[in-house]
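Chemist: So you can see what is in the structure, the chains are spelled out below.
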Amino acid sequence: MSSVAASPASDSLVAQKSPRPVLQLVDVRKVFDGFAAVDGISLDIEEGEFVTIVGPSGSGKTTLLRMLAGLESPSEGYITLRGELINDVPSNRRPTCLVFQSLALFPHMTVGDNIEFPLRVRKMAPEERRKRALELMAKVRLPEDYYSKNVMLCSGGEKQRVALARAFAYDPDVLFFDEPLSALDYKLKKLLEKELKDLHRESGKTFVYITHSLEEAMVMSDRIGVMRAGKVVQIGTPEQIYTTPADRFVAEFFGEVNIVPIRRADGGWLRRDGKPVAVPSSLDIAGDEASVVIRPEYMRFVTEEAGADNTLTGTIFNEYSLGSRLQYQVRSRTGRTFLIEVPRAAAWKGDGEVTIGWDAGNAIVVGG
Amino acid sequence: MQTVGRTRTHFLIRAWTAFVVLAIYLPIACGALAGLSKGRYFSFPIRIFSTEWWGKTWDSFEIHVLVQNSVLIALIVTVLSVLFAFFGALAFARYPWKGRRAFQRLLLLPIFFPQPVLGLALLLWFNALGISPSWKTAVVAHLVWIVPVVTLVIAIQVFSFDPVLEEAASDLGASRLFTLRTVTLPILWPGIWSGALFAFLLSWGNFPLSLYTAGADSTIPKWLYSKMVAGYTPMVPALGTMSTLTAAALLLGGGLVRVLLKRRSELRAREG
Chain G
1 MSSVAASPAS
11 DSLVAQKSPR
21 PVLQLVDVRK
31 VFDGFAAVDG
41 ISLDIEEGEF
51 VTIVGPSGSG
61 KTTLLRMLAG
71 LESPSEGYIT
81 LRGELINDVP
91 SNRRPTCLVF
101 QSLALFPHMT
111 VGDNIEFPLR
121 VRKMAPEERR
131 KRALELMAKV
141 RLPEDYYSKN
151 VMLCSGGEKQ
161 RVALARAFAY
171 DPDVLFFDEP
181 LSALDYKLKK
191 LLEKELKDLH
201 RESGKTFVYI
211 THSLEEAMVM
221 SDRIGVMRAG
231 KVVQIGTPEQ
241 IYTTPADRFV
251 AEFFGEVNIV
261 PIRRADGGWL
271 RRDGKPVAVP
281 SSLDIAGDEA
291 SVVIRPEYMR
301 FVTEEAGADN
311 TLTGTIFNEY
321 SLGSRLQYQV
331 RSRTGRTFLI
341 EVPRAAAWKG
351 DGEVTIGWDA
361 GNAIVVGG
Chain H
369 MQTVGRTRTH
379 FLIRAWTAFV
389 VLAIYLPIAC
399 GALAGLSKGR
409 YFSFPIRIFS
419 TEWWGKTWDS
429 FEIHVLVQNS
439 VLIALIVTVL
449 SVLFAFFGAL
459 AFARYPWKGR
469 RAFQRLLLLP
479 IFFPQPVLGL
489 ALLLWFNALG
499 ISPSWKTAVV
509 AHLVWIVPVV
519 TLVIAIQVFS
529 FDPVLEEAAS
539 DLGASRLFTL
549 RTVTLPILWP
559 GIWSGALFAF
569 LLSWGNFPLS
579 LYTAGADSTI
589 PKWLYSKMVA
599 GYTPMVPALG
609 TMSTLTAAAL
619 LLGGGLVRVL
629 LKRRSELRAR
639 EG
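From first to last, the protein sequence lines stand for chains G and H. The numbering of the first sequence is the working numbering, which starts it at 1 and goes up by one. The numbering of the second sequence is the working numbering, which starts it at 369 and goes up by one.
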């Protein structure tokens, strides 16, 4: 994205290295009855990328996807596909395809008829359609004899595969996914996530996926965009989002974290209980209020032998087993709850009174 | 213990079912028997059986005209009411718009209107407009009452239709017409069929509306009633039985055609 702003002299070189984005959004807004569901989003999606938009329900991610698919048109802003403005191009004239949350399989058709639907629209000959459908079924690992099976008699996972094959039959430039895996059980979801990732790599197509699940986004995506109240608050690689969240919202959204509010005081930072806080030296916060974000796995029990930059005391009031790791909930003297995660080998053996702490280098400080 | 309880339950279910079936079919059977009596008057037990009245009914020119009228009215009413009802049902069950609830109630209100009153009211209107009542005005009268019923029947199907399917079809490149033809209509067919069946039956069997609005043209229910009131002949039960048998034959024939079509398409699928 940054390469776009390169100097004119290196233009041709840049163009070769980084082709124009497939999809480009400029200040896109969608207003329903005075409420901005999508409130000014600019985003470039590169050829062949797997981009996931995550956000809580009501953050506007579905509306965003519906605009990209042509099921809604933006109130303001521009959406371009390979440089062409597509704001008002209806969904049936776009080389894009959406896999709906409900999958939207045609209940009165067989598996084969569902997959062949876009081919029938294009008036492909029946034998050719059938051949193509069987190819696609093999690609999504559906047994051949499912071809004439009633689609409503398929299991949840099989329906996913049918929906995927149907979308591929349309042969779109960009595929959109609206949380298609959300209704499946955990094991199947994990399996399909990996298969989807494989399909993405094999097909070389651009995937835009939306979900409210951090896990799903982390497993599959090249880049993740985090949405909140109609805006993209951060976009980056899973690594970037995880290690350097832009703000407290992103940090909290990405799993269980401990938050310690702090305020600026004579060149340093103080906790609510008045104790000074050790923060990373490279800290760059504009305001006087900030939050220290510490992931549970970076919290540890503090003993005389093993100290920490920052410590606090409290009592353990809950213990959870995660298998190879253990989690404890600790209530501090000021009444805040902390979550600490340690390997089973480092289980706490003493009584309820504990001192826990973290090192400045393992914490993230975000504004607000 | 449990099996004894289950056997008893099964017995009760069977007995009840038999009773209901008997209660439905016994009157029809009585009617059929009455038409096969040689006597001029309706009396049980029947002394001499004969197909004389069936033959007379079959050959009667008057009856031919009646059947023609009834079939014509019912067919026109079926086609028109399904057309109106389909779009009416789509309007309130598929698309959100201001006032659709009021529209729905307004549309369904005529169902609760007593039919003789409705028939009389319509007759007054036809008179006021200077239209002389005939089988054509009866069609209009039937529509007033039947369209709401059919709308209700089709709406039930439309309510269960997921509009996302239309979006998906469009997203896969289909035009609106293609979507209507391949997705919306096939899914709504059961509702449309039941609506059409209802329309036909309600029109075919309608007496109060036809009585007031068909003018000099007679329909089967109108004729049956007039003959019951004055001038009974065993042609009345004979005609009733004939129409029942025709309906049964049509249903069975339809079922048979369906089975055959399904077999053929399965065979074709297997041959690939």
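There's no promise every hint is true.
[Said to hold, decoys possible] Once the Cα atoms are required to be at most 30 Å apart in a straight line, the calculated DSS-like pairs of lysine-lysine come out as:
1. K123/G to K590/H
2. K231/G to K131/G
3. K131/G to K630/H
4. K197/G to K187/G
5. K131/G to K149/G
6. K139/G to K149/G
7. K190/G to K231/G
8. K630/H to K424/H
9. K149/G to K424/H
If you're looking for bench data, these hints aren't it; they were derived computationally from the structure.
Chemist: Sort out whether K630/H lies within 30 Å of K131/G, counting only the CA atoms.
Modeler: Cα-Cα ~24 Å, so holds.
Chemist: Take a quick look at whether K231/G and K131/G sit within 30 Å of each other, Cα to Cα.
Modeler: violated (44 Å)
Chemist: Going straight from one Cα to the other, do K123/G and K590/H come out at no more than 30 Å?
Modeler: violated (53 Å)
Chemist: Please verify whether K139/G and K149/G have alpha carbons no more than 30 Å apart.
Modeler: At roughly 18 Å apart (the allowed maximum being 30 Å), K149/G and K139/G satisfy the hint.
Chemist: Within 30 Å, alpha carbon to alpha carbon, are K197/G and K187/G?
Modeler: Holds, because 16 Å separates the two Cα atoms, which is no more than 30 Å.
Chemist: Decide if the proposed pair is consistent with the structure: K190/G and K231/G, CA atoms, cutoff 30 Å inclusive.
Modeler: holds (29 Å)
Chemist: Given the hinted pair K131/G and K149/G, is their alpha-carbon gap at most 30 Å?
Modeler: holds (16 Å)
Chemist: Take the C-alpha atoms of K149/G and K424/H, compute the straight-line distance between them, and say whether it is at most 30 Å.
Modeler: This hinted pair is violated, its Cα atoms lying about 54 Å apart.
Chemist: For the pair we were handed, K630/H and K424/H, check the Cα-Cα distance against 30 Å.
Modeler: The given pair, whose Cα atoms are some 41 Å apart, is violated under the 30 Å limit.
Hint compliance for this structure: hints 1, 2, 8, 9 are broken, all remaining hints hold.
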